[in-house]
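Peer 1: Just so you know, the sequences run in chain order A, B and C. Counted from 1, the first sequence has number 2 at position 2 by our numbering; the numbering is strictly sequential. Counted from 1, the second sequence has number 75 at position 75 by our numbering; the numbering is strictly sequential. Counted from 1, the third sequence has number 95 at position 95 by our numbering; the numbering is strictly sequential.
Treat the hints loosely; a few may be bogus.
To be verified - To give an idea of the interface, some chain C residues facing chain A are shown, with a C-beta separation under 7 Å as derived from the structure:
no., residue
1, ARG2
2, ASP6
3, GLY8
4, GLY40
5, LEU41
6, ASP45
7, GLU46
8, ARG49
It should be emphasised that the hints constitute simulated quantities derived from the structure, not laboratory data. Here the structure is a predicted model, which is why all the values come from computation and not from measurement. Each residue gets a CB set at the ideal place from its N, CA and C atoms; glycine is no exception.
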Amino acid sequence: MTQFNPGDRVRVREDFPPGHIRTPVYVRGKTGVVKRKFGVFPNPELLAIGRDGMPAKALYEVRFRQKDLWPDYSGSGADTLDIDIYEHWLAKL
Amino acid sequence: MQEHTHSHDEMPHAPPAQDEKIHSYYQVLGLALKELLIEKKIITPAEIRQAIEFRDSITPATGAKIVARAWTDHAYKQRLLANGTEAIKEFGLDMGATELVVVENTPAVHHVIVCTLCSCYPRAVLGLPPSWYKSREYRARAVREPRAVLREFGTVIPESVELRVHDSTADMRYLVLPMRPEGTGKLTEQQLAALVTRDSMIGVSLPKSA
Amino acid sequence: MRGPHDLGGLPAGPVDTSPHDMTFWEKQIDALNALLSQKGLRRVDENRRYIETLGHDAYNSLSYYERWTAALARQLIDKGVFTQDEVDAKVAEIRARLGGDAA
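Isolated chain A (complex conformation):
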């Protein structure tokens, strides 16, 4: 799996597999920047179906500009959103 570093520009996969997914629809397909890596955690998609969550996945804090998420965003252009995303949902730009 690709490993990311703080500062990397990443795009969230725009896929819609059935099942328990912790990547909300509103960030799928959007572009942000990796802020930090939190470590490696059991994969919740597998924990949800009674498995052990292995192989574990790296978890990243990814920052988006609000105006990149919502074209009609009404607040300041500097406003941001941070969200935690597992490595297999990210692709490096």
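We have chain A already, so just place chains B and C on it with the hints.
Peer 2: Relative to chain A, chains B and C alone:
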């Protein structure tokens, strides 16, 4: 409440109290699960009582003590920001399977916490989440129009300040470290803790002023 | 494509910021979930999956802890802790005990 709790758990078949009618199928189902788990000796009434007492023992006052410590002890604040999970152990608190990330409000950045997918919340330091935190309205709108949501809490963040929303989707739980109110230089840690509200640690409001 | 739980960005009304004290029933459900997690009979990720598969109607009409209850019942039955028949019998027993108070 204490009396109520005990009478229920020591007599698991007691009817609900007068002030609490059980109406829906799901409410009856919940009682059915409890009684079956007790009958099968998977859970005891004492365990249920203790679990409720433990939940009741953690309130926003717990988080407020942590914030007041961070406001008065710079080294503690650095530990808290570097590794919240470890730093709250100094207060005897345990994050369990999750980790605590503390985000610091500054004159340049104001943080707000939400969980759009469910109700992830720093229960170990704030107790159970308020109803609005779990509501459809907050979960739907806090990410898209956070400034409008904050105004509904009476909170106006200047446009010159970056508003940063944290959507807790994974193993991290977030706690906002609010800015220490001005004019509180002479207050003790305990007096400062009294200014720290639950909502200020979620980021939808600011601490009380001195 | 969007599950009933995935609410981020959807249109919604004003936030009701008024305080609501938890009922004793809600506290009991919370406690059962915590205890079963400690005993390895319930897993939070599985609970979420069960809640997400309740469907839009149930998700939107049930209260928060009713959703937890529905998910927990399904999870415990699927794990073989008890059967649907046992649950149905217990529900009937409690309704009889509660009389006119129960649905």
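Peer 1: Need the list of violated hint numbers for this structure, in ascending order.
Peer 2: 4, 5
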